[in-house]
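Quick mapping for you: the protein sequence lines, in order, are chains A and B.
The numbering of the first sequence is the working numbering, which starts it at 520 and goes up by one.
The numbering of the second sequence is the working numbering, which starts it at 314 and goes up by one.
Calculated directly from the structure, the hints in this document are not laboratory data.
Possibly wrong hints are sitting among the right ones.
Taking lysine-lysine pairs in the DSBU-like style, the calculated list, with each CA pair at most 30 Å apart, reads [claimed, not checked]:
no. : chain 1 : residue 1 : chain 2 : residue 2
1   : B       : K370      : A       : K590
2   : A       : K575      : B       : K326
3   : A       : K590      : A       : K623
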Amino acid sequence: GESVGLHLPTLSVQEGDNSIINCAYSNSASDYFIWYKQESGKGPQFIIDIRSNMDKRQGQRVTVLLNKTVKHLSLQIAATQPGDSAVYFCAENRGGADGLTFGKGTHLIIQP
Amino acid sequence: KAGVTQTPRYLIKTRGQQVTLSCSPISGHRSVSWYQQTPGQGLQFLFEYFSETQRNKGNFPGRFSGRQFSNSRSEMNVSTLELGDSALYLCASRRDSPNYGYTFGSGTRLTVV
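In isolation and in its complexed conformation, chain A is listed as follows (with noise of 0.2 Å):
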């Protein structure tokens, strides 16, 4: 079935790194891709959006980067900090209103 799947649950990295998150979508006809931040008791929190016809996208601290041949989508986060530690997940969104399909989430844990 069509999914989208991150490659590790937890990411454990040390303050001041750069963090790579990455996540696996199976579905071609994905066009719209978002990064979410879930901090303990919250909602997901919007990090990041990019479109299909885009392959990188800035944000403050964050970078994301879409490669539509391998379908792989990834979250880079620069000089790490504490509070950044969180569940990120992955979402896409095929147009429309199919809504959004989550990945499981990786747990990014900041070493001090």
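With chain A held as given, fit chain B onto it using these hints.
Relative to the frame of chain A, chain B by itself:
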């Protein structure tokens, strides 16, 4: 501006009962969708409403239903609750146009005992 508001934050119900959850979207957002989050299944799409009409529904039984009012506020209802319905129920709103990021509320934590 105010975010997506969900009420109540926590709820405990008994098997067989029904429950209604409420969601107030961001002002100006007419699209509201609902998601169920569990440790085992992750985040799963329940349904989406736009202008009081359900546009799509995820793979959930008919016990799960929803509606949207003229002011875009939405409710979801779960009847004949089962233990497996225990989850965090999240509501998200977005602008009318597709491919805009959905903004999520903090969710309602439902526990079925």
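Now for the hints, and whether the structure bears them out:
1. B:K370 / A:K590: OK: K370 (chain B) and K590 (chain A) at ~25 Å, within 30 Å.
2. A:K575 / B:K326: Answer violated: K575 (chain A) to K326 (chain B) is near 46 Å, above 30 Å.
3. A:K590 / A:K623: holds, 16 Å
Comparing the model with each earlier hint shows a violation of hint 2 alone; every other hint is respected.
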